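**Q** Protein chains in written order, with the working numbering: chain A, 1 to 202; chain B, 203 to 458.
The set of hints was computed from the structure by calculation and includes no laboratory data. Everything numeric in this text was worked out from a predicted model, so none of it was measured. Where hints are given, some of them may not hold.
Computed list of lysine-lysine pairs in DSSO-like fashion (alpha-carbon distance at most 27 angstroms, straight line) [claimed, not checked]:
#: 1; chain 1: A; residue 1: Lys40; chain 2: B; residue 2: Lys299
#: 2; chain 1: A; residue 1: Lys103; chain 2: A; residue 2: Lys89
#: 3; chain 1: B; residue 1: Lys344; chain 2: A; residue 2: Lys129
#: 4; chain 1: A; residue 1: Lys40; chain 2: A; residue 2: Lys129
#: 5; chain 1: B; residue 1: Lys344; chain 2: B; residue 2: Lys299
#: 6; chain 1: A; residue 1: Lys40; chain 2: A; residue 2: Lys180
#: 7; chain 1: A; residue 1: Lys89; chain 2: A; residue 2: Lys102
#: 8; chain 1: A; residue 1: Lys183; chain 2: A; residue 2: Lys102
#: 9; chain 1: B; residue 1: Lys256; chain 2: A; residue 2: Lys129
Only some residues are given here: those of chain A computed to face chain B with a beta carbon under 10 angstroms [unchecked claim]:
#: 10; residue: Thr63
#: 11; residue: Lys65
#: 12; residue: Gly66
#: 13; residue: Arg147
#: 14; residue: Ile148
#: 15; residue: Val150
Just so it is clear, CB atoms sit at the ideal spot from N, CA and C, and this is done for glycine as well.
The lines below spell out each chain.
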Amino acid sequence: MAFSATFARFIRIPILAAMLGLLLSGCGVNNIPSHEESAKAKWSDVQNQYQRRADLIPNLIETVKGFAAQERTVLEAVTAARANATSIKISPEIINDPEAFKKFQEAQAQLSGALGRLIAVSERYPELKSNQNFLTLQSQLEGTENRIAVARRDYIEAVRVYNTELRTFPGVIWASTLYKSNKPMETFTTATDLSRPPQVRF
Amino acid sequence: MRRALLVLALLVLALLFGASAAYAQTLTFPQQTGRVTDDAGILDSATRAALVEKLAGLEARNTDQLFVVTVKSLQGYAIEDYANRMFRQWGIGQRDKNNGVLLLVAPSDRKVRIEVGYGLEGTLTDAITKLIIENAIIPRFKANDFPGGITRGVDNLVGLLLGENSAQNIAAQKSAGESKAIPVMAVFLTIWFLIAGWIFYMMHRRGLGGGGSNYSSGNHSSSSWSSSSSSSSSSSSSSSSGGGGSSGGGGSSGSW
């Protein structure tokens with residue numbers, strides 16, 4: 001009898017703790033950190049895809065140079081835009097820093113524009129257009145631009161969820177007590193038209 | 203008491219607004235009818251049956267899910283966007299492998315796309331899907347032979363997914379059509395594809411391996427995309443509905 005009473009008392013504590021835990025997670029105490037992690041993961045995917053695009057460019061430029069070296073201004077514009085975009089030091093804090101985020105976004109948009117012009121110019125060179133290496137690079141570039149669009153969309157959605165959680169009930173309670181250091185995240189503002197992949201005809 | 207009522211009213215309002223915001227950007231997909239969904243009505247029943255059999259055979263052999271969908275309209279969306287949203291909504295591919303492929307045809311917009319799930323980006327690279335679209339599909343679509351183009355495209359995809367056809371062969375088909383003296387190029391391309399495929403594969407295993415399931419679960423929690431069919435979540439993997447796979451925009455598109 002005494003044994004079962006002690007046993008009951010011992011077992012009651014973890015059960016209470018578990019119930020308290022359930023109660024707390026039920027009212028969204030974990031939402032802010034988990035939405036934050038999810039948005040950060042989406043952001044690193046955005047960065048990966050932009051990096052992947054930057055990695056494709058040197059090869060693309062070499063290939064175009066082989067057939068259309070006289071298009072110097074366009075080629076140089078792409079090289080400069082790529083250098084500018086990759087020179088921006090990317091830290092995880094960028095998503096909380098409006099200035100840095102704007103700079104990053106503008107540099108990438110500039111590179112998109114320069115690349116679009118390069119692809120448009122290469123339309124004038126039939127030999128380049130039928131070069132297998134160029135075709136492969138071109139399809140990879142298209143694919144990467146599309147992946148960037150998807151990654152950006154996912155990031156925008158994740159940030160929307162996170163920022164909404166910070167400002168709506170019950171998240172706003174936790175945001176003002178437990179997670180005071182959590183700030184709303186920055187998101188992309190340019191029209192999606194700018195991020196459309198350059199249209200290419202074969 | 204009044205205050206409680208006010209709070210309650212505000213909550214109800216918030217719910218209503220949430221719901222209306224979710225409905226504002228509704229994109230409706232056609233009713234999914236198994237692995238082949240011919241909403242545009244361009245496939246005859248014999249072709250359709252043959253396709254269904256091929257696709258079921260593929261999934262039985264290595265669990266890769268290839269879906270063929272024709273739509274009446276893209277509802278103003280770019281085909282890349284539409285295909286990606288449909289892919290995720292239907293959850294094509296197995297959840298843990300993300301090994302789905304979607305061949306989407308929009309005859310009225312004269313657009314076609316092969317959307318590749320995360321797990322197959324190494325096998326079906328952007329370059330090879332582009333070749334399939336340009337060489338196998340579009341020439342037949344131009345001649346209004348939709349069943350032929352789709353069948354040929356599916357054959358190429360299935361061959362690659364089962365390892366029975368190689369990127370080399372598919373690249374060579376084009377070379378043969380254009381000029382004779384290209385074997386060197388074909389060899390170069392094969393090596394290139396192999397290396398690229400391997401790199402993608404390795405990148406994938408490291409970088410996105412954990413991300414894959416993350417994406418699909420994130421995708422299920424977002425409720426803003428409603429579909430006219432809710433079958434994707436209700437039935438289990440044994441049937442012909444999606445297994446919960448996700449895609450990040452891999453693949454290629456073309457128009458004719």
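**Q** With a cut-off of 27 angstroms on the C-alpha distance, tell me whether Lys183 of chain A and Lys102 of chain A pass.
**A** Holds, at roughly 17 angstroms.
**Q** Under 10 angstroms, Cβ to Cβ, is where Gly66 of chain A needs to be relative to chain B, so tell me if that hint holds or is violated.
**A** Gly66 of chain A check fails; min Cβ-Cβ to chain B is 15 angstroms, beyond 10 angstroms.
**Q** Holds or violated: Lys40 of chain A and Lys180 of chain A, Cα atoms, limit 27 angstroms.
**A** holds, 18 angstroms
**Q** Given the hinted pair Lys89 of chain A and Lys102 of chain A, is their Cα-Cα distance within 27 angstroms?
**A** holds, 13 angstroms
**Q** Would you check whether Thr63 of chain A satisfies its interface hint, that is, whether its CB is within less than 10 angstroms of any CB in chain B?
**A** violated, 13 angstroms
**Q** Any CB of chain B closer than 10 angstroms to the CB of Lys65 of chain A?
**A** violated, 19 angstroms
**Q** Return the status of the interface hint for Arg147 of chain A: holds when the least beta-carbon distance to chain B is below 10 angstroms, violated otherwise.
**A** holds, 4 angstroms
**Q** Are the Cα positions of Lys40 of chain A and Lys299 of chain B separated by 27 angstroms at most?
**A** Distance of about 23 angstroms is within 27 angstroms: holds.
**Q** Verify the interface restraint on Val150 of chain A: the C-beta must sit less than 10 angstroms from at least one C-beta of chain B.
**A** With a closest approach of 4 angstroms, the Val150 of chain A hint holds.
**Q** Would the pair Lys256 of chain B and Lys129 of chain A pass a check requiring their Cα atoms to be no farther apart than 27 angstroms?
**A** violated, 35 angstroms
**Q** Is Lys103 of chain A close enough to Lys89 of chain A, meaning Cα to Cα at most 27 angstroms?
**A** Given pair Lys103 of chain A, Lys89 of chain A holds - Cα atoms ~11 angstroms apart, limit 27 angstroms.
**Q** With a cut-off of 27 angstroms on the C-alpha distance, tell me whether Lys40 of chain A and Lys129 of chain A pass.
**A** The hint is violated at about 39 angstroms.
Violated hints for the displayed structure, listed by number in ascending order: 4, 5, 9, 10, 11 and 12.
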